[in-house]
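One-letter residues, chain by chain:
Protein chains: 2
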Amino acid sequence: MLTIALPKGELLKNSIRILQDVGLDFSAFLDSSNRQLQISDSSGKAKGLLVRAQDVPVYVEYGQAQLGIVGYDVLREKKPQVAHLVDLEFGHCRMSVAVKQESAYRSVLELPPHGRVASKYVNSAREYFHGLDLPVEIVPLYGSVELGPITGMSEAIVDLVSTGRTLRENGLVEIETLYQSTARLIAHPLSYRLNADDLLGLIEKLRAIALGVPCA
Amino acid sequence: MLTIALPKGELLKNSIRILQDVGLDFSAFLDSSNRQLQISDSSGKAKGLLVRAQDVPVYVEYGQAQLGIVGYDVLREKKPQVAHLVDLEFGHCRMSVAVKQESAYRSVLELPPHGRVASKYVNSAREYFHGLDLPVEIVPLYGSVELGPITGMSEAIVDLVSTGRTLRENGLVEIETLYQSTARLIAHPLSYRLNADDLLGLIEKLRAIALGVPCA
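Each protein sequence line maps, in turn, to chains A and B.
Residue numbering for the first sequence follows the working numbering, starting at -14 and increasing by one per position.
Residue numbering for the second sequence follows the working numbering, starting at -14 and increasing by one per position.
Check each hint, because a few of them may be wrong.
Treat identical chains as interchangeable: a pair holds within one or across any two.
Straight-line distance between alpha carbons at most 30 Å, and here's what the computed DSSO-like set of lysine-lysine pairs gives [what the hints assert, rightly or not]:
#1 LYS190 with LYS32
#2 LYS85 with LYS30
#3 LYS64 with LYS105
#4 LYS85 with LYS32
#5 LYS105 with LYS(-2)
#6 LYS105 with LYS63
#7 LYS32 with LYS(-7)
#8 LYS63 with LYS32
#9 LYS(-7) with LYS190
#10 LYS85 with LYS105
#11 LYS30 with LYS190
#12 LYS105 with LYS190
#13 LYS(-2) with LYS32
#14 LYS(-7) with LYS30
Treat the hints as calculated values from the structure; they're not laboratory data.
This is chain A alone, in the form it adopts within the complex (with noise of 0.2 Å):
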């Protein structure tokens, strides 16, 4: 049986709908006494695995997941080795550099060399600022990264932004955007090239009515 891992969070509620219209019902998985983390589609061909964003990759690239549901941002932080197939169009966001409003950095270049940003995805940002070749130190932190410039531990974030209402909320400010995320459907590599239960039909199948999803 096909097993589709779905991530907690954001991009849940959208994720279940677009398979709803491939005819995978997982809306069990939204309501809130639910406490199971896998459930089987109520036709029988699929099972979901409700896990963390950032497992959702691990699950498929183990293969205990032959597809899965993820952000981008995941996807370009952990790059993990599984295939990258759809870009679902929903769960716009992006990844952002960010300072405080009354700081004098305007653009990135203006950060002083040697400087600290806070970020939970430090490759992203690791990457990010080598290419710039401005030698930042990245501060790994799980939670509540804008904290960093409000305590004075580093001069900006990097960060994931949807609507920016923390950044304001934080008296911070957006001066760079790294790259854009949606939520992408991904495959485990080796079941996608044999085709185990008619994976690639499936996968048309979401290609097509992912053109026709409105935005998230």
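With chain A's structure known, arrange chain B on it following the hints.
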């Protein structure tokens, strides 16, 4: 002014209690309507910084907080450059190896060479199996590590266990303990040596109280 980094989650309540015992009140962090991540103690002597448990040593290492309270598990995993001062004797738990109840493994040495172990604590897990000379592949996960053995992705997990309820609910059983963990008081090494804001006096008071604090 002295800044103290406090961990969100399990250790927060007891962290606030022990600081109240030395006259520093950060109980506003426990108010469910609170959204502030920085508050000043009512006496004006200290500031509290509410951050993810894994981020506590980061703020202390960079000197943004002079003191912090964090689980030994985080210190052991991340090896931050902080002064490790007092065992606060609450938040007792253990880092354990667990397998499926119905598996044949009853000791770690029975695990298959080149088997897989899922964990959020990849460094602790790698060190442990390296010490046993048992070559295993560590699968890094961010959440719901128990899904590793349940889905068949891994033979075992290495995870923090408190009551053991999560393991039992998922049909897993502990077969080995890597180490015991409790909440620890840490300090920024330079602030500690310089004894800024009479840090040493406060640390001694906390040390004295720790010995009398009932276990969580």
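Evaluation of the provided hints:
Taking identical chains as interchangeable, the C-alpha atoms of LYS190 and LYS32 lie at most 30 Å apart only when both belong to the same chain, with a minimum of 18 Å there against 55 Å between chains. For a Cα distance limit of 30 Å, the shortest separation of LYS85 from LYS30 across copies, 26 Å, qualifies, whereas the shortest one inside one copy, 50 Å, does not. In this homomeric assembly, LYS64 and LYS105 come within 30 Å of each other (Cα to Cα) both inside a single copy, at 15 Å, and across copies, at 18 Å. For the identical chains of this complex, LYS85 and LYS32 are inter-copy neighbours only, at 21 Å across copies versus 45 Å inside a copy, given an alpha-carbon limit of 30 Å.
Taking the shortest alpha-carbon separations for LYS105 and LYS(-2), both the intra-copy value of 24 Å and the inter-copy value of 26 Å come in at or below 30 Å. Taking CA atoms no more than 30 Å apart as the test, LYS105 paired with LYS63 passes in both settings, with 12 Å inside one copy and 15 Å between copies. Only within a single protomer do LYS32 and LYS(-7) lie at most 30 Å apart by alpha-carbon distance; the minimum there is 16 Å, versus 34 Å between protomers. In this assembly of identical chains, the alpha carbons of LYS63 and LYS32 lie at most 30 Å apart only when taken from the same copy (25 Å versus 36 Å across copies).
In this assembly of identical chains, LYS(-7) and LYS190 lie within 30 Å of each other by CA distance solely inside one copy; the values are 23 Å within and 43 Å between copies. In the homo-oligomer, the alpha carbons of LYS85 and LYS105 lie at most 30 Å apart inside one protomer (18 Å), although the nearest pairing across protomers, at 32 Å, exceeds that limit. In this assembly of identical chains, the alpha carbons of LYS30 and LYS190 lie at most 30 Å apart only when taken from the same copy (15 Å versus 62 Å across copies). In this assembly of identical chains, LYS105 and LYS190 lie within 30 Å of each other by CA distance neither inside one copy nor across copies; the values are 34 Å within and 35 Å between.
Taking the shortest alpha-carbon separations for LYS(-2) and LYS32, only the intra-copy value of 17 Å comes in at or below 30 Å, while the best inter-copy value is 39 Å. Proximity of LYS(-7) to LYS30 under the C-alpha cut-off of 30 Å is restricted to the intra-copy arrangement: shortest distance 22 Å within a copy versus 41 Å between copies.
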